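**Student:** The listed protein sequences derive, respectively, from chains A, B and C.
For the first sequence, the numbering used here assigns the number 1 to the initial residue and increments by one for each residue that follows.
For the second sequence, the numbering used here assigns the number 1 to the initial residue and increments by one for each residue that follows.
For the third sequence, the numbering used here assigns the number 1 to the initial residue and increments by one for each residue that follows.
Just so you know, the hints here were simulated from the structure itself, not pulled from any lab data.
Predicted model only: the values in this text are computed from it and were never measured.
Beta carbons are placed, not taken as given, at the ideal position from N, Cα and C, and that holds for glycine.
A few of these clues could be false.
Per the computed footprint, the stretches of chain B lying under chain A, defined by three or more beta-carbons under 8 Å from a beta-carbon of chain A, are [to be verified]:
#, segment
1, 136–145
2, 151–161
3, 233–241
4, 271–278
5, 283–297
No more than 20 Å apart at the CA atoms, straight line, and that leaves these computed lysine to any residue pairs for SDA-like [to be verified]:
#, chain 1, residue 1, chain 2, residue 2
6, C, K120, C, I135
7, A, K170, B, P246
8, B, K253, C, L102
9, C, K120, B, E247
10, B, K203, B, V187
11, B, K253, C, P107
12, B, K203, B, G160
13, C, K120, B, S249
14, A, K170, B, F25
15, A, K170, A, P217
16, C, K81, B, E233
17, B, K203, B, T182
18, B, K253, C, G36
19, B, K253, C, D11
20, A, K170, A, R135
Partial list, derived from the structure: chain A residues whose beta carbon lies under 7 Å from chain B [to be verified]:
#, residue
21, P144
22, L146
23, I147
24, L211
25, G272
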Amino acid sequence: MAQPVTGDQVLEPVAATTPGMVRLLLSNRVAVVAGLAVLGFAAIGLLAPVLAAYDPSAQHPEAIRAAPFWHPEGSTRFLLGTDSLGRDLLSRIIYGARISIFLGVVVVLLTLVVGTGLGMLAGYFRGWFDAVMSRVVDTLLAFPFLIFALAIMAATGPNLVALVLALAFKGWVDFYRVARGDVLAAREADYVTAARGLGASAPHILFSEILPNIIPPIIVLATLRMATIIIAEASLSFLGIGVPPSIPAWGTMVADGRADVASAWWIATFPGLGILLLVLCVNLFGEGLRDALDPRMRK
Amino acid sequence: MWGRFVTQRTLQLIPVLIGVSFVVFFTMHLTPGDPIEHMLGQAGRITQAQIDELRAHYGLDRPLVVQYGLFLRHAVRGDFGLSYSHQGRSVSAVVAERIPATLELTLFAFLIAIVLAIAAGVVSSLRPQGAFDRTATVGALLGISMPGFWLGIVLIIVFGLRLQWLPISGRIDLALAPQPVTGLNTVDALLAGNGAAFLSALKHLVLPGAAMAAPMAAMVMRMVRSSMIGVLEQDYVQFARAKGLPETSVVGKHALRNALIPTVNIVALQTGLLLSGNMIIETVFQYPGLGKLAVDAIAAADYPLVQAVVLIYAVSYVLLNLGADALHAVLDPRVRAA
Amino acid sequence: MTAQPLLEVRDLHTHFSTYRGPLRAVDGVSLTVARGETVALVGESGCGKSVTALSIMRLVRRPGRILRGRVFLDGEDLLQKAGAEMRQIRGGRIAMVFQEPLSTLNPAFPVSTQIVESLKVHGVARGKQARERGIQLLEAMGIPAARERFRSYPHELSGGMRQRVMIAIAVSCEPELLIADEPTTALDVTLQAQIMDLLARIKQERGLAIILITHDLGLVSQFSDRAAVMYAGQIVEQGPVAELLEEPLHPYTRGLLRCVPRLGRLGMPITPIEGSVPDMAALPPGCRFAPRCPEAMDRCRRAMPAACEWRPGRAVRCYLYGDAEEAGEDRKQDHGVADRD
Numbered sequence: 001m002a003q004p005v006t007g008d009q010v011l012e013p014v015a016a017t018t019p020g021m022v023r024l025l026l027s028n029r030v031a032v033v034a035g036l037a038v039l040g041f042a043a044i045g046l047l048a049p050v051l052a053a054y055d056p057s058a059q060h061p062e063a064i065r066a067a068p069f070w071h072p073e074g075s076t077r078f079l080l081g082t083d084s085l086g087r088d089l090l091s092r093i094i095y096g097a098r099i100s101i102f103l104g105v106v107v108v109l110l111t112l113v114v115g116t117g118l119g120m121l122a123g124y125f126r127g128w129f130d131a132v133m134s135r136v137v138d139t140l141l142a143f144p145f146l147i148f149a150l151a152i153m154a155a156t157g158p159n160l161v162a163l164v165l166a167l168a169f170k171g172w173v174d175f176y177r178v179a180r181g182d183v184l185a186a187r188e189a190d191y192v193t194a195a196r197g198l199g200a201s202a203p204h205i206l207f208s209e210i211l212p213n214i215i216p217p218i219i220v221l222a223t224l225r226m227a228t229i230i231i232a233e234a235s236l237s238f239l240g241i242g243v244p245p246s247i248p249a250w251g252t253m254v255a256d257g258r259a260d261v262a263s264a265w266w267i268a269t270f271p272g273l274g275i276l277l278l279v280l281c282v283n284l285f286g287e288g289l290r291d292a293l294d295p296r297m298r299k
Numbered sequence: 001m002w003g004r005f006v007t008q009r010t011l012q013l014i015p016v017l018i019g020v021s022f023v024v025f026f027t028m029h030l031t032p033g034d035p036i037e038h039m040l041g042q043a044g045r046i047t048q049a050q051i052d053e054l055r056a057h058y059g060l061d062r063p064l065v066v067q068y069g070l071f072l073r074h075a076v077r078g079d080f081g082l083s084y085s086h087q088g089r090s091v092s093a094v095v096a097e098r099i100p101a102t103l104e105l106t107l108f109a110f111l112i113a114i115v116l117a118i119a120a121g122v123v124s125s126l127r128p129q130g131a132f133d134r135t136a137t138v139g140a141l142l143g144i145s146m147p148g149f150w151l152g153i154v155l156i157i158v159f160g161l162r163l164q165w166l167p168i169s170g171r172i173d174l175a176l177a178p179q180p181v182t183g184l185n186t187v188d189a190l191l192a193g194n195g196a197a198f199l200s201a202l203k204h205l206v207l208p209g210a211a212m213a214a215p216m217a218a219m220v221m222r223m224v225r226s227s228m229i230g231v232l233e234q235d236y237v238q239f240a241r242a243k244g245l246p247e248t249s250v251v252g253k254h255a256l257r258n259a260l261i262p263t264v265n266i267v268a269l270q271t272g273l274l275l276s277g278n279m280i281i282e283t284v285f286q287y288p289g290l291g292k293l294a295v296d297a298i299a300a301a302d303y304p305l306v307q308a309v310v311l312i313y314a315v316s317y318v319l320l321n322l323g324a325d326a327l328h329a330v331l332d333p334r335v336r337a338a
Numbered sequence: 001m002t003a004q005p006l007l008e009v010r011d012l013h014t015h016f017s018t019y020r021g022p023l024r025a026v027d028g029v030s031l032t033v034a035r036g037e038t039v040a041l042v043g044e045s046g047c048g049k050s051v052t053a054l055s056i057m058r059l060v061r062r063p064g065r066i067l068r069g070r071v072f073l074d075g076e077d078l079l080q081k082a083g084a085e086m087r088q089i090r091g092g093r094i095a096m097v098f099q100e101p102l103s104t105l106n107p108a109f110p111v112s113t114q115i116v117e118s119l120k121v122h123g124v125a126r127g128k129q130a131r132e133r134g135i136q137l138l139e140a141m142g143i144p145a146a147r148e149r150f151r152s153y154p155h156e157l158s159g160g161m162r163q164r165v166m167i168a169i170a171v172s173c174e175p176e177l178l179i180a181d182e183p184t185t186a187l188d189v190t191l192q193a194q195i196m197d198l199l200a201r202i203k204q205e206r207g208l209a210i211i212l213i214t215h216d217l218g219l220v221s222q223f224s225d226r227a228a229v230m231y232a233g234q235i236v237e238q239g240p241v242a243e244l245l246e247e248p249l250h251p252y253t254r255g256l257l258r259c260v261p262r263l264g265r266l267g268m269p270i271t272p273i274e275g276s277v278p279d280m281a282a283l284p285p286g287c288r289f290a291p292r293c294p295e296a297m298d299r300c301r302r303a304m305p306a307a308c309e310w311r312p313g314r315a316v317r318c319y320l321y322g323d324a325e326e327a328g329e330d331r332k333q334d335h336g337v338a339d340r341d
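With the rest of the complex left out, here is chain A (with noise of 0.2 Å):
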């Protein structure tokens, strides 16, 4: 399997097949963990009502800003505390992690249907699509991410639908112009020439050829971008422009503890503490794939 290692030669195992990649990505143990955590995460807001003390919008007066339980004011009644409303913290925190995996879930999924599909089109046809595109992109391009949603989001106020479309806009993006280049390499290659040449039609070749050659960047893509989108997901419902402020979301949560950030701290660090977590295993798992899918897209 390895080949003869000559005098010009330090050889690294190359593995370009799917059980070789998948090989590949089950070695890298750190990637394994972070991929199983963020299955985790899912599985714990999935479970919410089930494993949440509290009801996350349940308040206890005669419990306001407790400590956590290590803290010699805490009780293990609340074991992260509670925060200016008397709500237990951890229950928030756990009912959290849903709107977060949920949004950045749908949002990755939606922009990554939409920028493929189109980048598809426009590798593959070209012509006028591609022209008016082209002008779409810069000009979506020309925005820092979050001013945009910020614009929309300042116009609608917090609305679930209007947060899901105004973190996709700019999104769609990045899947385009992946799509689109690999598109316009692999028209070119042999084996979209043979397809054609036994008369394959254009969907044909498109979804059967071409498609599945695009796919392992496209994923990784997905992993990285979702880790982008639950930040910033968090900085709209810190800002009080996200999430709809009757579901609890870690954003929200902390810019609720800003202000006892003097006493009360773990009102505001918990939550952050949570978004750190989710989006760097996200980060972790991402990267994984990438140096197993692709190690030559290695930055």
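Fit chains B and C to the supplied structure of chain A, relying on the hints for placement.
**Tutor:** This is chains B and C only, laid out in the frame that chain A set:
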């Protein structure tokens, strides 16, 4: 050759700028109803005369396209209307007085991000997988995984409240404020030779600057590192050594120059992140700049103000990218020929 | 007439650590170069010629390191020198020219910078003087319109001109030895001839000793005084070029010569050497060429032959010409030679 490069790029800018203004204009009009109606909900902060003036100014009874035209015409002249969350003062005046603060903070954050990132990236690349590299890589990973607002809050808690080393809000100790010449407190303090004021201004910049710089520094450092690792394997680096050049020259001059080429592009992209982060960080630190202005304006539904600020951020970003393109051409002579 | 040789390499060993174990790129190479002499280092890709050159210049980097051996330049062991001293020697006394000038010249800097910095670092000239000297050098290398070309970037020059620039940089500080690593491989035939002419000329003018690394036997015969044939990290035969080509001793050398089609010998069959180069990370015991050697004996497969002197100036590593065996390979001691400055 340079002239042609600049004109070419500037011309490409124009459709983009138009597109930007278009988007900014229309997002503001996503809200159902008459913006003036919203203003009326501000409990009599502006007079009826001002409302009428605004109505005419915005041409709200005219078709949307005409309104856009009016918006553009006014915008190019710097007229963004009146800010109703600021007692009807002109938006451009309100914005102008906040710009220096944001400029100072952003420049500061940019500088520390770049310097730290390049230094850390280069040192890491010299011994990949070494102790420094591992630490730096972990740090960078944390940097890109952390929400900026959270980092800001943690910095406030640790350095501001617990250790009490640094201030957590404002720009400068008001008693020490220097004469405003440029509007940048650090520069003004230096111009006045006032060491205490300079120090105070600097101290106020550290925490928000660090929070703003972190994600950008993290991404840039990774880019520099991987770019350097690639460059250090190149033949010309080996040739430089074969010429007998000292290692500092080989790494610092020959290698770094080439490694910076792709880095410039990343930096350009990341400035977008920096600008977005600016709004958030200014809010966290109650820093009286453009970002906080925008956030407050959003809360107050002061659309003309929000519009103006968003436009400024977007245009800055476009110009910064132009600058990055130019810098890229300076660093890589092969691009100039194209 | 045995003056001290300019360069004497003695029993050089350079290994690379790979995920499959140590790769013995240079395994007991010994070589001498006299003043003004041209020695060709011949062999196929991967036999260790370039690594030998890099080891002489002490440019071998992680994961490679020079395990043991001696490299004497005018009697001083380079492997014992401190970093700063070695840097003076690089470019100042020994210079190197590489194969592909487009990747060897820094694309970000104009030619002027790259020549001048050499001159400055070796204290030959600075500032305006350095620039003038640089332009003169380009002219001496046969580059037309040298003054304009001086300010150009590498990508603006043709392949042949880039190679001349590289040679100009190499000789700018008057070295005594020039190591040319496949200087014409990346060029087409007409340019090859031009560059070799240039090398011949500067060799004559400056009394330069040259180590010519190549796989092209034609170049070897035209240009060098002596040649050393390398196979799998070792020198298997060396001697004066004319003798080597007329009377090759080692089966590998014979095989190489048979592979080359020759003008004037039409109709002679070209017989390739059977088999392929050994896996350098998993070497067989005994002679490395044995698996492919038409004259291999049992002994060849069991123990490695040592290089022995067949005639004064002629050495061969083969049991056909001598009985000496290479002493045990497991001498773990090494100098711990510093391979970076």
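**Student:** Each hint needs a verdict: does it hold in this structure or not?
**Tutor:** Hint-by-hint comparison with the structure:
With 4 residues carrying a beta carbon less than 8 Å from a beta carbon of chain A, the segment 136–145 of chain B meets the three-residue requirement, and the given coverage holds. Here the segment 151–161 of chain B counts 5 residues with a CB under 8 Å from a CB of chain A, which clears the bar of 3, and the coverage holds. Counting residues of the segment 233–241 of chain B whose beta carbon lies closer than 8 Å to any beta carbon of chain A gives 0, which falls below the threshold of three, so the coverage claim is violated. Counting residues of the segment 271–278 of chain B whose CB falls under 8 Å from any CB of chain A gives 6; the rule of at least 3 is met.
As drawn, the segment 283–297 of chain B meets chain A at 4 residues by the rule of a beta-carbon pair under 8 Å; at three or more, the given contact holds. About 15 Å separates the Cα atoms of C:K120 and C:I135, which keeps this hinted pair within 20 Å; it holds. With a C-alpha separation of about 47 Å, the suggested pairing of A:K170 with B:P246 is violated against the 20 Å cut-off. For the given pair, B:K253 sits about 18 Å from C:L102 by alpha-carbon distance, which is consistent with the 20 Å threshold.
Only pairs whose Cα atoms come within 20 Å are accepted, and C:K120 paired with B:E247 is accepted, the gap being roughly 15 Å. Only pairs whose Cα atoms come within 20 Å are accepted, and B:K203 paired with B:V187 is accepted, the gap being roughly 14 Å. The straight-line distance between the Cα atoms of B:K253 and C:P107 is roughly 12 Å, inside the 20 Å bound, and the hint therefore holds. Annotation: proposed proximity of B:K203 to B:G160 holds, straight-line Cα distance about 11 Å (limit 20 Å).
At roughly 12 Å between alpha-carbon atoms, C:K120 and B:S249 fall within 20 Å of each other, so this suggested pair holds. The hinted pair formed by A:K170 and B:F25 meets the criterion: a straight-line CA distance of about 17 Å does not exceed 20 Å. The hinted pair formed by A:K170 and A:P217 meets the criterion: a straight-line CA distance of about 19 Å does not exceed 20 Å. Of the supplied pair hints, the one linking C:K81 and B:E233 is violated, its CA atoms being roughly 25 Å apart against a limit of 20 Å.
Of the pairs offered as hints, the one joining B:K203 and B:T182 holds, with about 19 Å between alpha carbons and a cut-off of 20 Å not exceeded. Distance restraint check for B:K253 and C:G36: the Cα-Cα separation of roughly 35 Å exceeds the 20 Å cut-off, and the hinted pair is therefore not satisfied. Restraint check for B:K253 and C:D11: not satisfied, since their Cα atoms lie roughly 36 Å apart, outside the 20 Å limit. Distance hint between A:K170 and A:R135 is fulfilled; the C-alpha atoms sit about 14 Å from each other, no more than 20 Å.
Nearest Cβ of chain B to the Cβ of A:P144: about 3 Å, under the 7 Å cut. The hint holds. Interface restraint check for A:L146: the shortest CB-CB distance to chain B comes to about 3 Å, inside 7 Å, so the restraint holds. At a threshold of 7 Å, the smallest CB-CB gap from A:I147 to chain B is about 5 Å, leaving the interface hint in force. For A:L211, the interface hint is violated, since its Cβ never comes within 7 Å of a Cβ in chain B; the closest pair sits about 27 Å apart.
With 7 Å as the threshold, the beta carbon of A:G272 comes within range of chain B, its nearest partner Cβ sitting at about 3 Å, so the hint holds.
Going through the hint list in order, the structure does not satisfy hints 3, 7, 16, 18, 19, 24.
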